[in-house]
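Using the sequences plus the hints, can you model the full thing?
Chains as they are written, first to last, in the numbering used here: chain V, 1 to 241; chain Y, 242 to 663.
Calculated directly from the structure, the hints in this document are not laboratory data. Backbone N, C-alpha and C fix where the C-beta goes; we use that ideal spot for every residue, glycine too. Please note that the accuracy of each hint is not assured.
[What the hints assert, rightly or not] What the simulated footprint calls covered on chain V by chain Y, stretch by stretch (three residues with Cβ under 8 angstroms from a Cβ of chain Y suffice, anywhere in the stretch; the number is not a length):
| hint | stretch |
| --- | --- |
| 1 | 107-115 |
| 2 | 122-132 |
[Claimed, not checked] Not close to chain V: a few residues of chain Y, all C-beta gaps over 10 angstroms, as computed:
| hint | residue |
| --- | --- |
| 3 | 291 |
| 4 | 548 |
| 5 | 590 |
| 6 | 629 |
Letter by letter, the chains look like this.
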Amino acid sequence: MVEENNAALLASNNPAVLMTNVAFHWPGQPRLIEIERLKIDPGDAVFVAGPSGGGKSTLLSLIGGLVLPDQGQIYLAGTNLATLSGPKRDRFRGDRLGLIFQQFNLLPYLSAFDNVILPARLSSYRRNRAIKAFGSVAAAAESLLKDLDLEKILWLRPAYKLSVGQQQRVTAARALMGRPELIMADEPTSSLDADREIAFVDLLLKESQKAGASVLFVSHDLALAKRFKSFLTIDNLKPKA
Amino acid sequence: MTRLKTLASLAALSAWNRRGSLSLILLSIILSTILLVGLERLRTQIKDSFAQSVYGVDLLVGARGSQTQLVLYAIFHLGGAANNLGWDKAQQIMARPDVAFAIPVSMGDYHRGFPVVATDDSYLSHYRYRRGRSLKLDQGFWFKDLFEVTLGAQVAKRLGYQLDDKIVLSHGGGEMARTHDNKPFKVVGILEPTGSPVDRGLYISLQSMEAIHVDWRGGAPIPGLTITPEQTKKFNLTPKSVTALLVGLKNRRQVFAAQNQIQSAPGEALSAVLPGVALDQLFQTLGQGEKVLFLVSILVTVTGLLGLAATILAGLGERRRELAILRSLGASPWDLGIIIAMESLWLTLTGLILGLGLLTAILAILGPKLLLSYGVALELTAPTAREGYILGAILLAGILAGLGPAVRAYFFSLADGLNQRV
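See the structure below:
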């Protein structure tokens with residue numbers, strides 16, 4: 001019955017993420033995640049709030065296919081992650097997901113430009129999509145870096161020489177490279193000041209929309225929530241008693 | 242393929258980023274390579290120059306006795322011969338139809354510890370060493386007349402002799418040896434270095450050897466009798482005996498027949514030794530040291546590679562973030578293992594190339610000096626098959642040394658997942 005419902009849902013509007021009846025616990029710990037249903041439609045921008053240790057990062061690991069749930073189904077871009085082998089899930093994550101973290105996002109020994117094109121070097125899916133949209137991977141990277149307001153003079157600078165704000169914009173460009181179906185961000189603005197935080201979120205949402213990607217944004221900072229179409233807390237995803 | 246290329250370039254860039262800490266380990270790989278390949282080259286070239294101290298000589302003929310003793314004395318000028326070979330008998334062998342050349346050598350005298358070899362022009366024209374090289378004069382000429390001497394390269398270098406210097410030979414090599422001080426020799430030539438026992442010899446004619454002994458009987462000067470160099474010319478200076486004959490045959494396949502005939506000929510009992518076989522046997526006995534050397538250099542290399550593994554392992558902790566970033570971009574734990582393993586591959590490969598380059602430079606600079614001062618012929622040669630195996634083994638060991646850290650990186654990344662805050 002659940003399978004049929006999922007099939008119908010997937011067929012109806014091809015959601016970026018669909019989770020049904022998912023439960024997960026880390027070994028030796030109580031159940032951390034219980035989600036009756038979570039659906040993120042294409043182009044949707046979802047804000048997920050919750051306290052520290054509440055399972056926000058675990059939710060990202062589940063959607064990213066790094067861990068499999070104890071029960072329930074997780075579909076990413078229409079594919080049931082449980083049906084893929086470990087290495088295939090890794091590839092699939094690289095193909096369909098753009099990830100942004102709070103800090104330490106960039107490989108310090110690569111330039112800003114090389115960091116941006118890295119997903120296209122590791123994933124042929126994203127390479128082909130970048131080429132299809134922009135003619136070449138380099139052109140895609142240039143376009144993204146321009147749109148994210150990173151001055152050209154900084155493009156070839158090693159990542160560790162960029163300011164925190166510049167690094168976050170390069171990270172956003174890298175996440176958007178090759179137009180993945182979903183951008184997941186985990187507390188990406190906590191190292192920025194309030195003005196820059198809002199500016200970054202707006203830029204990310206604008207660029208994601210342009211690229212046709214859905215956004216799942218995890219943060220404890222509720223002030224940002226109003227900029228998103230949907231708002232969720234980990235708690236209200238749980239089944240009602 | 243594109244993916245592997247990407248992983249390889251990431252491994253190289255990451256290593257370059259940590260070049261400070263990695264350069265020390267690279268240095269140890271370079272030194273290991275120099276040591277291992279250098280020692281192997283030294284070992285084979287010592288063996289080569291030993292086994293090929295004399296080349297193209299099919300039979301070494303001397304008075305009946307020990308094979309080893311004959312080889313040691315006639316070729317390495319070590320020890321002594323119990324008996325000599327009569328000149329008549331020597332001439333009979335020289336006249337055999339199957340003999341291409343026969344070099345007579347007569348020994349027993351020394352000069353300041355270096356052996357004197359009395360011989361004739363055939364020594365210069367027929368003596369060959371390492372892979373068939375012939376002797377060449379560096380200065381002057383090969384002795385022509387009585388009381389002329391041509392020096393081996395090491396003799397001239399060690400004793401600081403030049404052309405036209407006068408030297409005196411002594412009878413026997415010991416401390417108490419009497420000298421032929423009334424018959425000094427003039428240095429007329431110096432040979433080029435060969436890295437063979439030739440370098441340690443002084444070369445005079447068979448007639449000179451007779452001439453310095455005309456006023457001697459039973460190994461001592463005849464009391465009251467002094468014959469000047471000029472007067473010796475009036476004597477019959479035809480040698481009465483020689484120590485050995487170095488014989489080259491026209492057809493090498495007949496060596497066993499010739500050996501048999503010479504040894505079983507009636508009259509004086511002779512030994513005819515195949516020098517290659519005798520030298521090989523000798524090296525088997527003397528060559529134990531080379532195995533120890535080889536073992537030591539393997540231990541040095543293993544130490545270097547353990548250092549490589551330890552350095553990469555120690556660096557993994559600080560690289561967990563980097564690995565987590567790659568993981569978030571779709572790299573599998575397997576990919577991360579490959580990146581770590583490739584790092585040790587890069588390091589080992591770079592170390593090997595630089596080590597070989599440095600070794601070549603060292604050999605180019607020090608080779609000629611070693612040859613002249615120590616008679617060790619270390620030549621610039623392309624790596625041999627065995628050296629190829631050694632280089633391959635270092636490379637393989639380097640990759641294996643990287644596997645431990647690679648496996649650890651694999652499990653790190655499984656445990657860390659996308660957690661960036663490690």
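Hint check results:
Taking a C-beta to C-beta cut-off of 8 angstroms, the stretch 107-115 of chain V contributes 4 residues in contact with chain Y, enough for the three needed, and the coverage statement holds. Counting residues of the stretch 122-132 of chain V whose C-beta lies closer than 8 angstroms to any C-beta of chain Y gives 3; at least three are required, and the coverage claim holds. The Cβ of residue 291 (chain Y) sits about 52 angstroms from the closest Cβ of chain V, beyond the 10 angstroms cut-off, so the non-interface label holds. With 10 angstroms as the threshold on Cβ separation, the claim that residue 548 (chain Y) sits away from chain V holds: the shortest Cβ distance comes to roughly 23 angstroms.
No Cβ of chain V comes within 10 angstroms of the Cβ of residue 590 (chain Y); the nearest lies about 19 angstroms off, and the non-interface call holds. No beta-carbon of chain V is positioned within 10 angstroms of the beta-carbon of residue 629 (chain Y); the least distance is around 34 angstroms.
Violation of the numbered hints given earlier is absent; every hint is satisfied by the structure.
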